[in-house]
Amino acid sequence: MSGTPEVSIPQSTYSVTYGQNITIPCTIIGAIPAHFRVTWFYANKINFFFVSIVNVGDHTKYSGGTLNTPALTILNTNKEDAGFYTCVAENQVDSAHSNETLLNVLAEPIAIHANNTQYYPIQNTTITLHCDVTQGTAFKIQWYKDISVLNVNSNLRLSGGDVATESLTIVNVQRSDEGIYICQATDAVYDTIVNTDTIHVNLAGLPVVEIYPTNYTATYGNQVEINCYIVSSPAVTSVFWQRSSNNHILRIDRGDSGYQGSAPKSPSLTINIATTSDAGEYTCHATNDIGTNISNTGIVTITGGLLSISVSPRTSDVLQGDSVKINCTVTGTPPLTNITWLFTAADRTLQSVFSTTDNNKYTVGTTQDPYLIIRNFQLGDSGTYVCRATNLAGSTSSNPGSNLTYISIPSISVEPSQFTATVGDVSFQIQCTVTASPEAIAWYWTFQPVDGIVQTIPQGSNNQQYTIESSGIKPHLTIKNIAFEEAGLYTCYATNAAGASDSASNRPGNSHLNLTVTGDGKNICEEHMDRFNTKWGKALEKTLVSVPCTGEYNGSVSRYCGDGGNWDDPDYSQCILKSIEYLQNQSSKLLYGESVDTIILLESLENHTKGSNRLRSGDLVASSDLLNDIAVYVTYHVDKLSVDQLESFISICNDLLDERNHQSWEELKNEENTVTRVLKAVSAYNSIFYEMIHGEFTISLKKKNIVIELGKTRSFEITVPGCSQTSDWLGNLATEIKLKKNKNSGI
50 MSGTPEVSIP
60 QSTYSVTYGQ
70 NITIPCTIIG
80 AIPAHFRVTW
90 FYANKINFFF
100 VSIVNVGDHT
110 KYSGGTLNTP
120 ALTILNTNKE
130 DAGFYTCVAE
140 NQVDSAHSNE
150 TLLNVLAEPI
160 AIHANNTQYY
170 PIQNTTITLH
180 CDVTQGTAFK
190 IQWYKDISVL
200 NVNSNLRLSG
210 GDVATESLTI
220 VNVQRSDEGI
230 YICQATDAVY
240 DTIVNTDTIH
250 VNLAGLPVVE
260 IYPTNYTATY
270 GNQVEINCYI
280 VSSPAVTSVF
290 WQRSSNNHIL
300 RIDRGDSGYQ
310 GSAPKSPSLT
320 INIATTSDAG
330 EYTCHATNDI
340 GTNISNTGIV
350 TITGGLLSIS
360 VSPRTSDVLQ
370 GDSVKINCTV
380 TGTPPLTNIT
390 WLFTAADRTL
400 QSVFSTTDNN
410 KYTVGTTQDP
420 YLIIRNFQLG
430 DSGTYVCRAT
440 NLAGSTSSNP
450 GSNLTYISIP
460 SISVEPSQFT
470 ATVGDVSFQI
480 QCTVTASPEA
490 IAWYWTFQPV
500 DGIVQTIPQG
510 SNNQQYTIES
520 SGIKPHLTIK
530 NIAFEEAGLY
540 TCYATNAAGA
550 SDSASNRPGN
560 SHLNLTVTGD
570 GKNICEEHMD
580 RFNTKWGKAL
590 EKTLVSVPCT
600 GEYNGSVSRY
610 CGDGGNWDDP
620 DYSQCILKSI
630 EYLQNQSSKL
640 LYGESVDTII
650 LLESLENHTK
660 GSNRLRSGDL
670 VASSDLLNDI
680 AVYVTYHVDK
690 LSVDQLESFI
700 SICNDLLDER
710 NHQSWEELKN
720 EENTVTRVLK
730 AVSAYNSIFY
740 EMIHGEFTIS
750 LKKKNIVIEL
760 GKTRSFEITV
770 PGCSQTSDWL
780 GNLATEIKLK
790 KNKNSGI
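Residue numbers (this note's numbering): 50 to 796.
Among the clues, some could well be false.
The calculated DSSO-like cross-link candidates involving lysine-lysine, where the alpha carbons are at most 30 Å apart (straight line), are [what the hints assert, rightly or not]:
#1 627 x 753
#2 753 x 729
#3 529 x 584
#4 627 x 638
#5 751 x 689
#6 410 x 374
Because the hints were derived from the structure by calculation, they are not lab data.
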């Protein structure tokens, strides 16, 4: 009886840890005759169609798998051993295959470790950078330096750094070997890559010390930390700081009062409460077994400190009895905690703390708004006031202070207060004494005649009538050539920085000089009011008196005090109504080629001459001059003639010759200033008017005081004025004008 073998593998799958051994059983039964051969087949997991015979003769890899030991043992498994296995038994009848079984080779992910990441070798010595595979199996070991591949085989000073010896050894270490190293492993099972932590290599030497940042700003009284960074191999054993300021070096050690830090593990320096003395240049010093090294310089600036103070006003003149406020402006940090006022009296050098306890005299502000108010300022208050401010940094004072100067309105005394002078005296001096702080800078006198208007005698006067001394202390007044007009009230005034004062307001009872002037038995003209309401004061006989025209008049009026003290008639020939004077100035422009409307001029003048207006002799002269200006003007500008112009011209002449102006004409003693001036203007004007009308017709104008006929006449000679046609006073005049017909063409 014979039979084919029955072959089986107990399990469909087997698992083994990478690198471990595993035995896959193979059971053979029922072989008749007995089997004479056992063979194992292997198919890759990925490409299981590719089947190969297991080489059980390789005893470094396999054990068993033979006729006597059909079970297959795989030694030191790896990932290539994973796959499908089949056991085949063969006898003389036939061969039989077992079921397939799957072998899984299991492995842990690779892990590597660098047990030291900081090396500080001494130059020219040997150092080993440790790298250990702590889990899994490495297929490849690779070292990097500063992120670049390190070719170990090309550098004779390098060894290791491979699967057999992961750690890297560097002999004869140089400065070029410093840097950052990484050990990298590739997983033999999973093809994954892992790195160690970075490994730092620095040659042993002095500590590397750096202050960063280099500039620090602290507020007075606050805390400030100066950063110090140290890299050292070997480790730092001590740290200290130095501050340099104003050529002075200060060493700061750990534990010194006012500071923190300055230790190997906390090298940065903390200043607990910064003051101005902490400003300066700082250096950090670190020591290890090699020696001591120093950092770069850090600069500390302290803001704040003593306060900045100013006062206002810096200087001020304070009027007696006034109040003054001194403002104290304080800036800076730390904040103000107290204000004190100091005082140095004028003309003194000793400064003292100023007492402000008198609330009626002084008011002081607060630390938020510091100021000083002084009331009822007196001479003793003059001096320099200083504001002193205190904070945590100390005290400081305003420089300069506030310099206050006492001033007062001038006090004035006049001597004597009464005096009687005689007409004709050469001079008389009135003394004025000025007391002022500061001294007077200006002075003058005033004079008020009896019942007259106040007149000013200015500073510096030195003429035939007055002289004022050029002294702010004694500006005496000398009155010269005493006349009755000098009688009246004289007052002295002075001005300084405090203001203006006068004797009237300062010394009642002795405030003025009241000057009386007498004739001393001489003949005098008494006070008199003339027909134009000009008041004439007393005058010595044989004296010509001149006074300014009053009211709307310019110029002056004069009057002679004759023998025996009798007044002559006043002379108003230089006294002209302002509006007539203006018109006369306008008419004179005609003679210089300027354009002026003659009709408006004549109408304006007529408004002043007509009606009941009484003209002064100066008005008559100015009006006559205006008429003559127009007569001359139209001689060369015939086109400007008109009947309206003629009417106004003759109307004004009529008004000037009216009875009401009789006395004013008589005052004009010079014949050139008499009524002849008017008639000559009429003659010149009418002559040119006649030429314009060519004698073709007759124009007659009949007024109360003048008759004008232009054109054809019956006589060869005309007398102006005709006595039958004029006022009585005009008819009685000794002067008359005879105009030839062939020249004047009929008037």
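Against the structure, the hints come out as follows:
no. : hint      : in the structure
1   : 627 x 753 : holds (28 Å)
2   : 753 x 729 : holds (19 Å)
3   : 529 x 584 : holds (23 Å)
4   : 627 x 638 : holds (17 Å)
5   : 751 x 689 : holds (23 Å)
6   : 410 x 374 : holds (12 Å)
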